Each structure stands twice: as C-alpha cells, then as structure tokens.
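Novice: As you go down the protein sequences, you meet chains A and B in turn.
In terms of my numbering, the first sequence has 364 at position 360, counting the first letter as 1, and numbering is strictly consecutive.
In terms of my numbering, the second sequence has 169 at position 165, counting the first letter as 1, and numbering is strictly consecutive.
Among the hints, erroneous ones may be present.
In this list, chains with the same sequence are indistinguishable; a pair is considered to hold if it fits within one copy or across any two.
Okay, derived cross-link-like pairs now, SDA-like style, lysine to any residue, Cα gap no bigger than 20 Å in a straight line [what the hints assert, rightly or not]:
{"id": "1", "residue 1": "LYS137", "residue 2": "GLU60"}
{"id": "2", "residue 1": "LYS137", "residue 2": "GLU30"}
{"id": "3", "residue 1": "LYS358", "residue 2": "LEU321"}
{"id": "4", "residue 1": "LYS137", "residue 2": "LEU122"}
{"id": "5", "residue 1": "LYS137", "residue 2": "THR27"}
{"id": "6", "residue 1": "LYS198", "residue 2": "GLY22"}
{"id": "7", "residue 1": "LYS137", "residue 2": "SER25"}
{"id": "8", "residue 1": "LYS23", "residue 2": "PRO359"}
{"id": "9", "residue 1": "LYS20", "residue 2": "GLU354"}
Simulated from the structure, these hints should not be mistaken for lab results.
Note that this is a predicted model, so its numbers are computed, not measured.
Protein chains: 2
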Amino acid sequence: MTTMGAVYIAGVGMTKFGKSSQTLSELFCEAAQSALSTSPIQDIEALYIGAMNPEEFIGESNVASQIAAELGLTGLPALRVETASSAGAAALHAAFQAVASGYYRHVLVLGGEKMTHLSTSATTRILAEVIDKQERQCGATMPALAAMMTERYRKKYRLSHSRMEHLLCRVALKNHLNGSYNPYAQFQQSISEKIYFSSKFVATPLRLYDCSPITDGAAALILTSEPTDIFIAGIGQGTGPVSLRERDSFTSFRATQVAASRAYQMAGLSPEAVDFAEVHDAFTPFEIICTEDLGFFPPGKGGEALESGRTSLEGSLPINPSGGLKSRGHPVGATGVAQVVEIVRRLRGESKPKPRRELRRALAQSTGGLGANNFVTILERTAGLLQVQNLWTPPPLPSASRRLSRKGHPPAPASEAGRIETFTILYVTPDGFLPPLALALIRDRKGRLLMAQGEDISHLKIGREVYLRQVGDTYLFTVKSHLRKVREAMRKLLRRSPSLPSTSETATIPYDRPKSKAQRETV
Amino acid sequence: MTTMGAVYIAGVGMTKFGKSSQTLSELFCEAAQSALSTSPIQDIEALYIGAMNPEEFIGESNVASQIAAELGLTGLPALRVETASSAGAAALHAAFQAVASGYYRHVLVLGGEKMTHLSTSATTRILAEVIDKQERQCGATMPALAAMMTERYRKKYRLSHSRMEHLLCRVALKNHLNGSYNPYAQFQQSISEKIYFSSKFVATPLRLYDCSPITDGAAALILTSEPTDIFIAGIGQGTGPVSLRERDSFTSFRATQVAASRAYQMAGLSPEAVDFAEVHDAFTPFEIICTEDLGFFPPGKGGEALESGRTSLEGSLPINPSGGLKSRGHPVGATGVAQVVEIVRRLRGESKPKPRRELRRALAQSTGGLGANNFVTILERTAGLLQVQNLWTPPPLPSASRRLSRKGHPPAPASEAGRIETFTILYVTPDGFLPPLALALIRDRKGRLLMAQGEDISHLKIGREVYLRQVGDTYLFTVKSHLRKVREAMRKLLRRSPSLPSTSETATIPYDRPKSKAQRETV
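From just these sequences and the hints, can you work out the full model?
Specialist: Written as structure tokens, this is what we have:
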C-alpha cells in the first residue's frame, strides 16, 4: 500500500485585498513573489492555480499558461483548478495530492480574482451562474439563497427576529474589528451597531453589512515535501446539492461536514484540538452555521458561542481572526489560499494582535457556491522536523454504481397549492427583476420543493399556505390568507358598485383559483 | 522518500462525438455510466472533471458540483481542472496524482464540452480567448496562428507550396480513413483528394479539411490503485508561451517536448518503445509537428514518415488510429480523456480494424491553446498484475526565484520597418473583421516580434520587408516592394493628370512613410 508523503508549507504571500488598479496577472505575480521571498524553497516544479471565472471577469481563457509566462516560468507545468468560490482551496487540494504522491517536490499554489472593474450587476450575474438554473431564472441571487437559509435557521432554533438580527450584527462587528488589525484586509475599520443597523437590506433579513464585498486580490503558498515549521495535517473535500430545493437541510452544509470529517480523520484529531479557524463568512449567517458544521458547537448553538465571546480574538476559539471574507474581502478564487496564508502567519506569531497563548493547530474552511463544493484544511505547527504519522485511510463510501442515476432535468409541474419552507424579500435584484422581489421555497402537496416568486411581498411566513401558478418556467405564489383578504375586499367593492359585471372578480385576481370546491376543501 | 503509487485504469467510456441534442450534464452522465459498466471497480471516491469553458459555452459555473449531483454522487469530492483545450488531459493528470498519493484509491475522470448549439462565430470567439490579447485584437484566430506556423514550417524545411499542401492532405485523408472504422467518431467517412482540395481556405495554407470540427461529447476513465490490465507508465506536462511572438520556434511546441521528456523519463522508455499514438491534430500540420516533438521522427522529417505510410493504420507507428481530432471530433474538454479511452480500447483489442501485431504501449498527447499547455501520457498493457517499478525522479529545473520576473504588458511601440517572419490570409475571420484578412508576424528593426494586419493581401512572403504603422492598439503593415509599385502607379497617374494637386500622393497613400531619406536607406 502507498504511504502518503507529508506535505509542508514553505512560503506564504498575498496582495493587499481591495479595489486594485493591477491586472489579474500582476496580482498573481505580486503574491507569488511575496511567497517566494519568505521561502527557503525556490525550485518550484509546477503551478496550481485557483480562479473562479477569469473567462467572464476579464475575458481570458488559458489562465494557467498565461500566469506561468507572466512569472517567467514558461515551460513549467501549470494547471488551473475550479470549484466556484472555493477554487483557491481546490488548487491547494490538488497541489497537496501532487506533492503527497512524490510526483513533485515543490509546487506553487496561487489563488486570485479580478472583480472590481465590472459593475455590481455584472459581477452579481457572473457569481449567480453557480446557482441552479431554475432558481436563477426565478431571480434568486447568492444573497437571496443565503437569506432564505437564515430565515429557516431562525425559525428552526426559535430565535426572534431581533435576536437573529443581533447575532448577525455580532458576526459583522467581530470580523470588522479583527480586520482592523490586518494590513491586507479590504476594510481595516471596526464598525458600530448603529452603522450595521443603518445599512440597507439586500435580501431580508440580510443587510449590506452581512455580505462580503467585491474584491481584487491574490494569494500564494509554496508546498514542499521537505520538512518546515508548518505541515498539512488533514485535508478534505465534500460536495452538496447545487439547488436549495434538493437539500435535506436548510440550516447546515453537508459539504462542510463531509470535508471536515475527512480532514479530522486524516489528522487524527477532533474539533477540540483546533486553536483557531478561518471560515467562509461570505454572509454572516454562514459563519455561525460553519462553526456548527465543523463540530465546534452543537447545531443551533453557534450564535450563543459567538455572543459569549468564545469566537472573538481573545476567546478560546477565535473564528476569522484575520477579519474573514467580511472584512478582508473576497476575491473569490483567492480566498481559499488567503485563509491558509493568514493561518500560517498567525501560527508563526506574525499577525497582530499577538495571541496570549501558543497556537499549535488551526483550520481553514472554504465554500464553493451555496455550500456545494467545500474544503477543510488543518494546519499544524511542528518543531521544524516532524515525522508525520498518517493515521488516515479513506472512509468507506456506498457504491457509486448503485447510486449512479441521472436526475430528471426540469422540475415536475407543481400541484396548485403548497406551503412556504423559507423565504426572503430581495432588495438588490438581478438585471430584469424589479425590487422588492419576494422569493420562497415552496413544498407542494406532493412533497416536492420548488423556488417561486411571490405575487406580493406581504404576509410571508414559514409554514404559510400558498396558491401556485406557473408562467413559462417560473412559479408564482400567493399567500392563501392574503388571497382571502383580496377576495373579501373585492366582494365589498362589488356590493358597492353593482354596475360592475359579475365576472370582474375572475378577471382582476391575477392567479388561478383551485378548480373545484372539493379540491379547495382539501387544501 | 515517498514511493509513488502505481495507477491503473479500470474502466473507460465515451459518448458518440458529434452534434448532440443532449445537455452537457447528460453527456457527462452517459460517459460515466459507460465507463462504470466496463469497470470491476465501482466504489468511486472522487470526480476529476476536465471542461474548457462551460461558463461561456453553456452559461454555467460550478460544473463539478453539478455533475456530481447529476450522477447522484452528491457528497463526493468533485473538482474541475482546466488548461484550455487540453483540460481533459489536465483532469487525468491531477487525478493520477490523487491516486498515486494514496489519498484516493479509485477516482472517476471526466472530460466533456457542449459546443454545437452556438454559432460558429460565437464558438470561434470563445476558443480565441486562449490567444494572447494583442494578437487577438489584431484579428488572429486559432486557425490563423496554426496557418502561420505551417507557412514557417514549409519555408524552414524548404518544401514547395504543392508539397506542403500534399502533406496536409495526407494527414486529413489518413485520419478520415481511420475515423471511418470508429463508431464514436463525428465523421465516419473517408474523403478523397478531390474533396480535400475542393474545400475552402480558412487561413492560407489551411483549408476546412485541415481543421478539426466543432463537436459535443464526453469521455470517462476510472483510475485505481488496484492492479488491472492497463497502467499509466508515464505522465508529464509542460507549458509554452501563449503568444506566437514570444516563441523561439515557430515549427515545434516546446510544451510537448517538456511533457514528453517527463513522461518518457518516468516510464523509463524511449520513443521507439511506443506502438501507436493519439496526438492532438486540431490542425493537420500539428500532427506532423507533434510526431517530431515526441521524438518519433527528426525535426522536418514528420512529413516523409507520413508519406511513407509509417503512421498509417498498417504502418509501424500508427498515429491517430481512432481518426484523431480531425475525424473523431474535438469537444475541447473531452479530447484529452477520449484519446486515452481510445488507446485503452485498442490495447485491449476492442477497436477496429484489429491490429496484425500485439500492441503493448501507446502514447496520448494533448495540446492546450496554441501549444501553450500540453500533456503526454504513456499507457502500458500488463499481464494484469504488474509490479510497477518507479524509475522516475523529477528532473532538476533552474531556480524559480532567479527566473521569476514580471513581463511588460503592452508591446513596446514598433519601429517603422520590419520583416515578415510568417503570415497567413484569413478567410474565416472573427466578428468585426472582414475577410480576406492578411496577418503577419513581423520582426521589427530592434528585433522585437509583433502581430500585424496587412493593408493588402498581395506580395506576402516570409523574409519580405515591410513598413509598419500603428492605429490604436493594432499594427498595420505594407510590403515595401508593393509600396514602390503603388508609388510608381501614382506617379504615372500624376503625369497623366497634371491638374491634380502635388500633395495628393501623401493624402492617398494610407501609411506613414519613413521620416527621412537616411532612415529609408538603412532599411
């Protein structure tokens, strides 16, 4: 049996994150040069590059060859790895396997993205391509889907609206405070509760300060088979459904759980062994959910832990001490590499403020799409010459052949009534959709889930019954109680104006009613 | 030191290549199911997916998670690897390292692309994003650059126009004949010389039948650490400059040479040990160049070997027995995987026509962009339970730190005269460029290379002197001898019509002349 080789980190570097006048190539070069300048290893044998979508962000294909050329390394093998917003972590993962195999001894891992030169709506459209097609056609954006998960989380763990808001605000305040110490962060200023609550809703209950910004930047790591002071103790990847409506949980990410379990198993560690973590807080609620998925806190208890200060810089398990995506910024392809750069610097005692205790192990978690392609990496500080014991054997998985089944493509036509599983009101909508836009995940009477647009933004609540109708590929819903009110108002109107024709009710109510009385009664 | 684990191939499968009504996901599923149906290994642990540009071909990002979901394998790690048109080979390369490391035991490698639903001009535009920006802005397409290399090859090896045409025709005829036996090929018909020569020029000297078609398709491989009848004896990758003007050779691909030398070294083999090969004949001249880069024939001798029949199905070293990209088709992300699928079937004796001798070893070569990111994989048939000896240690490379230098971006302004290094007349032009379009690689008086558009399509020849002028970001050239003729004609005209003002010469000649007599004389 093959013995997996130990993989160490020799050098780390990154650009300042934010709005940059540099090209993507220039950002990659700066990060690479910064990593090489801190590395005892200089003989790079290959490049592993993480980038989400340079094709559409900058109109360039064949990025790996281009970067090799820009670095003056033409000839050297260079490939690009992509898993949406976790592309940087994916490049690290592939590079880890390349060095662990003994095929290469030293490789350069790069992650980067150039985004700020485009309009927000263009960037939003490109980022939204990771979303399931039917949900995207309905007007769903990443913030909309994150908001719908948040609403569901609030309901599941019986949190009041104000308590949920308060928790999200705490994540934003903590990460902005942490970012204020980080010279590489996009936002290096702490924010107040007042600032947080005065920011506008993007998709209820998420405000602008709940969303990570649009950012340019790049980060670099040098992996080597030669022992250094930091090694990769565990690494794991997992996928989850792309669409929201195919999930069995709306309050956790299975992909993180799978990735974490593999990484812990390989490292022979449990979550308690982790001293601090950088997690993918693209939206503030994801930080809370992530700390639960990683096993740091039980499901539904992430908020309490946050509130108690355990995840603050001075707490027992700092989360996102670098400021996280929220304040460091989120150049999508760079983030998964930047998290590890930040961890290595902190483990080496190079970050501010200096921790009061010695840090030995840390974890990085990266998310691709809506938790559809996630990675967990555990890093450990050694005395410099550690002999690594590989405790990991791959976990048994159900046979692929048995599970291999092609899914049906278009969602089956919905029956005419259903119930709201979760919802959001979107205030920042994609091109072609006017705000405010109500979106809800509806479970129809046959138990199927589908994404639908509200005909009205009022009366939304998890559990409410709705009527559904289909217009082209899009489902529209109306809350039943609201429908009743509209009808009553209509009847009153008809009584007052007897001159109106009696068919006007049908003509003016913009939804299909159940076809028969019997059908209506079973609803 | 780490012992690299041996990697075997358990199952292979592919869709028929061509114009398909299936979605990209459906193509991937069909290929995966076909590979699993022939594989003793079913417990897939991860997916490695090669796709060049689903973002722009089908408007979808996050393809790896989507494919995992479509296959009913959600949860399983899945990542996408991309190196332009060699993306399938890149996915195989990364998957090889994953299994060789012992991190995974069994992985599914997929390559696929969906292209035929777009217009030819849209597809050409997307494929052209791999081209250097300055050359692209000039109107260069992939066929244009391939044509310019061909013209240079012809000149370097002193071949007449008709001899060069004849050789290219031979490649097309051979590969179409081979494809006629292949039930998976897009074109399953042999063609005649007459058909070849009646096809239109795309970019001189390349005709339609010199170019691989636009294709839909997918292919799949199962890699495993458990011994099977086929193993990966050697594998290597190399990069080359993206732009044509930064090359030291216009008649070979350094990236193929680097990749091949690594693969041969790992396998402990020389080119003579190879029984047949599938190479990246995106354009017919590339097959000839490739057989030279791989060490099968000396530089400039690939044509003779082809003509003598050595590379035919019945020859001593069949090249592209499956029909190659030319007749099998070229769904870009699928090709690198499909080549290996075809090789495995032929090594197993499953392909038609049956070879007359036993085949033991074969080589696959895949090209990304204009030879900018290439792969070589050597496959070997075993008795079924071979103990692999790893003879390979990574070759020493010059220090990255010394070579690491950021290149200047915009080409420096050219001096006003130069010489044609190579050229083509493009008859199928990108949107916004009217055919026929003359393109040439010009070496200016300072020795710099630049891509330029001809103001006229006549008088083009390698070595001819030209005048250059710059309009915006684009260089325009005029052949000097032609300029003299225009002037003479103008003088005659002026003598005949003395009423014309004497400044008309300057006004009607659309190029800048050298500024001084002295300068003109040094040209």
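Novice: All hints, please: hold or fail.
Specialist: Verification of the hints:
{"no.": "1", "hint": "LYS137 / GLU60", "verdict": "both (18 Å within a copy, 15 Å between copies)"}
{"no.": "2", "hint": "LYS137 / GLU30", "verdict": "between (34 Å within a copy, 15 Å between copies)"}
{"no.": "3", "hint": "LYS358 / LEU321", "verdict": "within (15 Å within a copy, 66 Å between copies)"}
{"no.": "4", "hint": "LYS137 / LEU122", "verdict": "between (23 Å within a copy, 19 Å between copies)"}
{"no.": "5", "hint": "LYS137 / THR27", "verdict": "between (31 Å within a copy, 13 Å between copies)"}
{"no.": "6", "hint": "LYS198 / GLY22", "verdict": "neither (24 Å within a copy, 60 Å between copies)"}
{"no.": "7", "hint": "LYS137 / SER25", "verdict": "between (33 Å within a copy, 18 Å between copies)"}
{"no.": "8", "hint": "LYS23 / PRO359", "verdict": "neither (30 Å within a copy, 61 Å between copies)"}
{"no.": "9", "hint": "LYS20 / GLU354", "verdict": "within (16 Å within a copy, 56 Å between copies)"}
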